[in-house]
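Quick note, the sequences are listed as chains A and B, same order. Reading the first sequence from the start, the letters are residues 1 to 417 in this note's numbering. Reading the second sequence from the start, the letters are residues 1 to 296 in this note's numbering.
Mixed in with the good hints there might be a few duds.
Here are the simulated DSBU-like cross-link-like pairs (lysine-lysine), alpha carbons at most 35 Å apart as the crow flies [as the list claims (entries may be wrong)]:
#1 A:Lys370 to B:Lys7
#2 B:Lys21 to A:Lys310
#3 A:Lys352 to B:Lys295
#4 B:Lys281 to A:Lys75
#5 A:Lys352 to B:Lys274
#6 A:Lys258 to B:Lys295
#7 A:Lys275 to B:Lys108
#8 B:Lys143 to A:Lys331
#9 B:Lys21 to A:Lys275
#10 A:Lys352 to B:Lys290
#11 A:Lys407 to B:Lys114
#12 A:Lys71 to B:Lys21
#13 B:Lys274 to A:Lys407
#14 B:Lys7 to A:Lys352
#15 A:Lys175 to B:Lys242
#16 A:Lys112 to B:Lys242
#17 A:Lys171 to B:Lys242
#18 A:Lys407 to B:Lys242
#19 B:Lys242 to A:Lys275
#20 A:Lys331 to B:Lys7
#21 B:Lys7 to A:Lys171
#22 A:Lys207 to B:Lys108
#23 B:Lys242 to A:Lys210
#24 B:Lys42 to A:Lys352
#25 A:Lys325 to B:Lys274
#26 B:Lys21 to A:Lys352
#27 A:Lys325 to B:Lys143
#28 A:Lys269 to B:Lys289
#29 B:Lys192 to A:Lys340
#30 B:Lys274 to A:Lys71
#31 B:Lys114 to A:Lys84
#32 B:Lys42 to A:Lys175
Think of the hints as simulated: they come from the structure by calculation, not from any bench.
Residue-level listing of the chains:
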Amino acid sequence: MNVHEYQAKELLRRYDVAVPRGIMVTTAAEARKAAEELATPIVVVKSQIHAGGRGAGAIVADGAEAARIFKENLKDEGLPEHDKPGGVRLAKSPAEAEEIAESILDNLLVTKQTGAEGKTVRRVLVEEGCDIADEFYLSILLDRSIGRLVVMASTEGGMEIEQVAEESPEKILRKTIDPTVGLLDCQAREIAFSLGIAAEKAGDAVKFLKALYNAYVELDASLLEVNPLVLTGSGDLIALDAKVSFDDNAFYRHADVKALRDDDEEDPKELRAAKFDLSYIALDGTIGCMVNGAGLAMATMDIIHHHGGKPANFCDVGGGANAEKVAEAFKIILADENVKAVFINIFGGIMKCDVLAQGVVEAADQVGIKVPLIVRLEGTNVDRGREILANSDIDIIGASDMTDGAKKACEAAGVTG
Amino acid sequence: MSVLLNKDSRVVTQGLGATGKFHLQGCREYGTQMVAGVRPGKGGTDFEGCPIFDTVAQSVEKEGANVAVIYVPPPGAADAIMEATDAGVPLIVCITEGIPTADMVRVKRFMEGKSSRLIGPNCPGIITPGEAKVGIMPGYIHKPGRVGVISRSGTLTYEAVHQLTLVGVGQSTCIGIGGDPIIGTTHTDAMKLYNDDPDTDAVIMIGEIGGNAEETAAAWIKENMTKPVAAFIGGQTAPPGKRMGHAGAIISGGQGSASDKMEALEAAGVTVAKSPADMGKALLDACEKKGVSVKD
Numbered sequence: 001m002n003v004h005e006y007q008a009k010e011l012l013r014r015y016d017v018a019v020p021r022g023i024m025v026t027t028a029a030e031a032r033k034a035a036e037e038l039a040t041p042i043v044v045v046k047s048q049i050h051a052g053g054r055g056a057g058a059i060v061a062d063g064a065e066a067a068r069i070f071k072e073n074l075k076d077e078g079l080p081e082h083d084k085p086g087g088v089r090l091a092k093s094p095a096e097a098e099e100i101a102e103s104i105l106d107n108l109l110v111t112k113q114t115g116a117e118g119k120t121v122r123r124v125l126v127e128e129g130c131d132i133a134d135e136f137y138l139s140i141l142l143d144r145s146i147g148r149l150v151v152m153a154s155t156e157g158g159m160e161i162e163q164v165a166e167e168s169p170e171k172i173l174r175k176t177i178d179p180t181v182g183l184l185d186c187q188a189r190e191i192a193f194s195l196g197i198a199a200e201k202a203g204d205a206v207k208f209l210k211a212l213y214n215a216y217v218e219l220d221a222s223l224l225e226v227n228p229l230v231l232t233g234s235g236d237l238i239a240l241d242a243k244v245s246f247d248d249n250a251f252y253r254h255a256d257v258k259a260l261r262d263d264d265e266e267d268p269k270e271l272r273a274a275k276f277d278l279s280y281i282a283l284d285g286t287i288g289c290m291v292n293g294a295g296l297a298m299a300t301m302d303i304i305h306h307h308g309g310k311p312a313n314f315c316d317v318g319g320g321a322n323a324e325k326v327a328e329a330f331k332i333i334l335a336d337e338n339v340k341a342v343f344i345n346i347f348g349g350i351m352k353c354d355v356l357a358q359g360v361v362e363a364a365d366q367v368g369i370k371v372p373l374i375v376r377l378e379g380t381n382v383d384r385g386r387e388i389l390a391n392s393d394i395d396i397i398g399a400s401d402m403t404d405g406a407k408k409a410c411e412a413a414g415v416t417g
Numbered sequence: 001m002s003v004l005l006n007k008d009s010r011v012v013t014q015g016l017g018a019t020g021k022f023h024l025q026g027c028r029e030y031g032t033q034m035v036a037g038v039r040p041g042k043g044g045t046d047f048e049g050c051p052i053f054d055t056v057a058q059s060v061e062k063e064g065a066n067v068a069v070i071y072v073p074p075p076g077a078a079d080a081i082m083e084a085t086d087a088g089v090p091l092i093v094c095i096t097e098g099i100p101t102a103d104m105v106r107v108k109r110f111m112e113g114k115s116s117r118l119i120g121p122n123c124p125g126i127i128t129p130g131e132a133k134v135g136i137m138p139g140y141i142h143k144p145g146r147v148g149v150i151s152r153s154g155t156l157t158y159e160a161v162h163q164l165t166l167v168g169v170g171q172s173t174c175i176g177i178g179g180d181p182i183i184g185t186t187h188t189d190a191m192k193l194y195n196d197d198p199d200t201d202a203v204i205m206i207g208e209i210g211g212n213a214e215e216t217a218a219a220w221i222k223e224n225m226t227k228p229v230a231a232f233i234g235g236q237t238a239p240p241g242k243r244m245g246h247a248g249a250i251i252s253g254g255q256g257s258a259s260d261k262m263e264a265l266e267a268a269g270v271t272v273a274k275s276p277a278d279m280g281k282a283l284l285d286a287c288e289k290k291g292v293s294v295k296d
């Protein structure tokens with residue numbers, strides 16, 4: 001799960017990580033008040049959406065403009081700059097902060113990462129200006145290949161780390177953490193020195209880095225990225241931006257973190273699916289998929305694509321799919337108006353095909369399906385399962401195997417494979 | 001014969017809730033020696049004739065357990081793995097889905113230098129057809145034979161096994177290595193086991209998006225593998241940045257795409273199926289190329 005920058009900074013502050021003072025607001029009048037309260041010569045008004053590239057992005061009034069700017073100015077590297085105001089702007093007075101907030105709030109922000117549709121900005125963070133002497137990059141993340149956390153630091157602040165890794169990998173310092181002892185002082189010192197921090201400030205830098213590491217561990221984060229990490233004129237480190245993602249599997253011990261989810265940032269269909277313990281991801285094709293098991297669900301998308309169709313979604317109903325769950329999955333899949341056909345691909349293991357077939361029939365009956373329904377069943381009690389489908393009143397196109405099912409689904413959706 | 005698991009394996013079950021009990025019976029019906037269960041505080045009782053102990057160590061001492069299978073819910077699963085490790089159980093199979101990554105970081109560190117091997121977590125388990133099954137897979141779809149199966153997924157593995165069985169190819173051992181970001185036994189580890197197993201003639205590996213374990217396996221195969229290998233990678237159409245069901249199945253930071261994995265495997269001489277319906281066929285093609293016969 002991702003959170004907003006203002007939420008990430010509030011969490012980091014709890015762990016004594018230095019972040020700028022800031023106030024999150026939802027109206028222009030509040031933005032003015034926030035700027036007055038901060039009382040610094042300059043404040044920064046920062047759009048709060050779950051996507052990067054906000055500063056270089058464009059505030060636009062409607063979707064058509066968002067799509068145009070995305071295509072002409074943002075989508076790829078090397079495109080000409082747009083002439084729209086960005087999503088992160090400086091204000092020299094409370095009145096200007098109000099003006100900027102007014103122009104941002106409830107408008108669309110389109111960035112390199114939002115996609116062509118952009119995202120509606122519902123909140124802005126008004127933050128004190130910061131005296132920037134130097135900018136760095138710092139992140140903590142899991143290295144899957146060794147099963148350990150690594151801290152990555154680079155002098156190339158503000159740049160995307162993937163780009164630095166490609167162009168000048170020697171500028172990235174990586175330190176692997178042994179979980180039994182955590183980030184060591186000597187490792188933190190090495191990072192501080194590699195960033196060129198003055199010897200007399202190294203002790204403070206070590207404290208800052210260890211606070212960041214503690215925050216990562218204690219919050220069960222899955223990524224913590226500070227870009228830029230700023231060295232102020234007085235030689236102190238401060239997290240000017242912060243991106244934190246969390247491990248959903250650890251929510252049972254972090255109810256407070258789970259509560260930070262912003263439903264506005266999530267796909268409504270995905271949210272609804274999560275409530276019913278279904279794993280669903282919306283895609284842009286025309287063939288709805290319902291599958292048991294994540295691996296087979298991915299493979300089902302692949303085989304549809306292989307035969308010329310496009311999957312409308314990823315949907316794993318899990319091993320223990322009953323009629324209620326299948327019915328809910330149907331409703332979510334069919335709520336997508338692009339769906340021209342639904343392909344159900346089930347490999348019954350412990351869960352028997354006859355039980356699953358019964359579930360499909362009941363659910364289809366309950367929901368009332370108006371698009372062609374293609375069902376491929378295999379596994380335990382498959383004959384009884386197929387019999388149930390054949391004898392039902394529901395109009396079902398049976399498929400003998402995955403290829404047959406995918407081809408029939410493509411055909412039903414009007415795609416010639 | 002087989003790798004890791006055979007008819008002499010003696011299995012202790014950790015986590016005897018409804019799921020653990022159901023699969024203890026299923027594995028026993030398949031012919032596996034389910035010799036013990038562990039339920040702290042219930043030591044001295046039994047479940048359907050299977051003695052229950054307070055600790056894994058007791059089950060090792062009293063019943064000679066040498067495989068542990070874990071169904072303990074996520075909050076206690078890491079502890080269960082480490083308990084089995086501490087008791088010196090050589091093979092630990094963790095079925096549990098949803099263990100926090102931070103817990104697995106600690107588990108992985110704890111197991112370093114110890115003699116136990118972990119399979120999973122978030123996996124269907126391991127089966128040596130005709131001899132023993134430890135996990136939640138339907139036993140009957142398997143058929144004894146000479147092809148090793150390695151997979152990060154559950155139902156997609158059943159699909160692959162089903163295809164193999166349909167084309168008359170049996171399996172030596174099938175290992176579900178699990179769909180989490182941190183797992184005990186990787187594609188490469190399993191590949192090494194099969195390469196050294198005199199009773200495995202060919203291997204099919206099923207990977208998916210996320211991480212670079214398939215690329216690592218490809219590099220190892222290129223240098224070391226003497227037996228034919230076929231592969232399929234799930235998630236060729238998955239969008240970047242989205243977790244596709246499995247906690248580990250995500251393309252992030254430009255890493256973990258299916259196309260990178262497929263290219264690496266092909267470059268290593270592996271026959272890669274483009275469609276998941278062609279997994280069985282890919283295996284036969286790989287065998288034919290190397291002049292190996294795996295059919296009955």
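ask   = Are there hints from earlier that the structure breaks, and if so, what are their numbers?
value = 1, 2, 4, 6, 8, 10, 11, 12, 20, 21, 28, 29, 31 and 32
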